[in-house]
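The whole structure should be built from the sequences, with the hints applied where relevant.
Each chain is listed here by its residues.
Protein chains: 2
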Amino acid sequence: MKPVSENKAFGGVQGVYTHASNACACDMTFGLFLPEEAQHGPVPVLWYLSGLTCTHENAMVKAGAQSWAAEHGLALVFPDTSPRGEDVADDDAYDLGQGAGFYVNASQKPWAPHFQMWDYVAEELPALIAEHFAVDMTRQSISGHSMGGHGALTLAMGLPGQFRSVSAFAPICHPTASEWGRKQLGAYLGPDESKWTRHDATLMMRETGFDGPILTDTGTGDQFYELLQTHALAEAVAKRPQQAQIRLQPGYDHSYFFVSTFMEDHLAFHADALYA
Amino acid sequence: MKPVSENKAFGGVQGVYTHASNACACDMTFGLFLPEEAQHGPVPVLWYLSGLTCTHENAMVKAGAQSWAAEHGLALVFPDTSPRGEDVADDDAYDLGQGAGFYVNASQKPWAPHFQMWDYVAEELPALIAEHFAVDMTRQSISGHSMGGHGALTLAMGLPGQFRSVSAFAPICHPTASEWGRKQLGAYLGPDESKWTRHDATLMMRETGFDGPILTDTGTGDQFYELLQTHALAEAVAKRPQQAQIRLQPGYDHSYFFVSTFMEDHLAFHADALYA
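One line per chain: the protein sequences are V and P, in this order.
The first sequence finishes on residue 275 if you use numbering that gives the first Met the number 0, and the numbering steps up by one all the way, no holes.
The second sequence finishes on residue 275 if you use numbering that gives the first Met the number 0, and the numbering steps up by one all the way, no holes.
What the hints contain is simulated information worked out from the structure, not anything from laboratory work.
Keep in mind that this is a model prediction, so the values were computed, not measured.
Cβ atoms here follow ideal geometry from the backbone N, Cα and C, with glycine treated the same way.
Possibly wrong hints are sitting among the right ones.
[To be verified] If you want the footprint, here are the derived chain V segments under chain P, 3+ residues with CB under 8 Å:
| no. | segment |
| --- | --- |
| 1 | 61–70 |
| 2 | 220–226 |
| 3 | 241–253 |
| 4 | 257–263 |
[Claimed, not checked] In silico lysine to any residue, SDA-like type, Cα no more than 25 Å apart, as pairs:
| no. | chain 1 | residue 1 | chain 2 | residue 2 |
| --- | --- | --- | --- | --- |
| 5 | P | 1 | V | 56 |
| 6 | P | 61 | V | 56 |
| 7 | V | 1 | P | 220 |
| 8 | V | 61 | P | 270 |
| 9 | P | 61 | V | 54 |
[Claimed, not checked] Residues from chain P that face chain V, not an exhaustive set, calculated with beta carbons under 7 Å:
| no. | residue |
| --- | --- |
| 10 | 6 |
| 11 | 7 |
| 12 | 8 |
| 13 | 57 |
| 14 | 60 |
| 15 | 61 |
| 16 | 63 |
| 17 | 250 |
| 18 | 251 |
| 19 | 252 |
| 20 | 254 |
| 21 | 256 |
Below, the structure written as structure tokens:
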């Protein structure tokens with residue numbers, strides 16, 4: 000693992016690191032914010048998964064999360080959204096291939112050799128970070144935006160016990176019923192839709208739910224509102240019933256201006272769970 | 000004036016607008032954050048001038064200022080750092096020409112026809128914003144980063160009565176004694192150094208000072224520390240003596256991670272002056 004940059008921020012350090020990933024069979028880059036408290040001992044960890052077209056960098060510079068992470072003494076991890084490189088398969092569309100890993104392990108050509116983002120985020124990157132930094136991996140929570148909100152919800156429900164709380168900004172809630180989902184799950188996992196179900200937050204909510212609190216924020220002015228299928232998750236949460244806050248925020252869109260507006264709430268929400 | 004984008008943010012609106020500038024003789028783009036309070040009446044205004052290579056956009060998306068502006072009910076203006084366009088003179092260097100206007104009115108070829116950033120920020124843009132938005136131009140303050148810190152300090156001291164308070168992040172404090180200054184002032188204003196003095200915060204501090212409070216933050220780990228000449232301004236402030244806080248922040252560099260870390264303090268500082 001090599002440092003790319005380390006900048007002092009909010010009393011802690013915002014770092015960027017690269018490493019050779021076994022899961023993705025390429026070099027991967029991630030951002031890690033460590034609060035000042037990490038100089039004295041392991042701190043809880045909040046994962047932040049980004050959306051389509053993003054790298055590790057977008058949320059790291061635009062979401063305003065470090066301010067609140069510093070206040071609560073939390074580490075923040077910003078993984079990339081896919082494998083990268085000239086040898087890695089790609090597609091001309093913005094929503095498939097590099098920048099669009101969808102947090103699944105691809106089984107189909109040409110994606111399978113590198114697109115193993117579930118294993119990368121669920122196993123490889125946590126182990127790497129635990130090895131090199133002062134983090135307490137018994138206290139992890141997860142969040143994300145759009146495709147990353149899908150990732151956060153499905154990882155949280157798919158890995159019972161790993162995360163104490165999950166939140167999401169404008170998450171893709173029901174990808175098996177959306178153009179943001181059917182295309183990618185078909186490409187990465189193949190046409191057998193039974194393989195898709197453990198990558199659909201609404202279906203997982205119907206099946207198992209999450210053993211902890213959930214918070215989602217979605218703007219009523221989101222330009223991609225129909226693709227998110229928020230109503231399906233809301234219904235599944237209420238039917239279960241699952242401990243959750245499904246919030247619709249008047250007039251907000253899909254941008255980082257929306258994300259940063261509610262970041263303070265999300266960090267406070269996760270801090271409550273991580274310090275409980 | 001045309002809207003480029005308007006995104007709801009922190010209860011208010013982050014807008015981007017373009018207009019034909021008379022001062023710069025080209026189209027200019029600026030960002031404007033209006034807090035929720037602007038829906039009910041005019042709000043005070045904080046100007047934020049950006050540094051070398053920046054457009055209106057960098058601070059707007061990376062400095063985290065809107066959160067605190069919303070808390071204090073302040074508008075934020077993010078002007079561009081120079082005229083732009085194919086017909087506008089430029090230079091291959093990152094620190095001259097487009098993206099590097101230095102907040103002066105150029106008198107020299109090839110810059111004079113468009114590079115009139117002092118007039119643009121001091122007169123044209125305030126008038127335009129006052130005409131179109133719910134802002135109270137009797138309550139203005141100004142801030143900026145690096146070259147923009149230079150701009151904020153020199154505009155504040157050069158326009159007595161226009162700004163109630165001035166702050167800066169890692170400002171270029173003494174451009175007539177720095178490679179970040181001599182090159183640009185020479186190019187834009189010509190070799191007669193007597194024309195440079197009203198664009199040097201240290202010289203202006205020695206001469207006139209500022210009728211209000213000043214706050215500057217500079218990182219001790221700033222990679223451009225020698226270019227900033229912070230010691231010269233600090234000495235001039237102390238000699239005057241001028242009401243001011245000149246703060247050196249341990250370990251911080253020149254990046255937006257540094258800027259965003261201390262943004263909360265700067266917004267509170269300006270709010271104190273604007274609501275006094």
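Structure-inconsistent hints, enumerated in ascending order: 2, 5, 13
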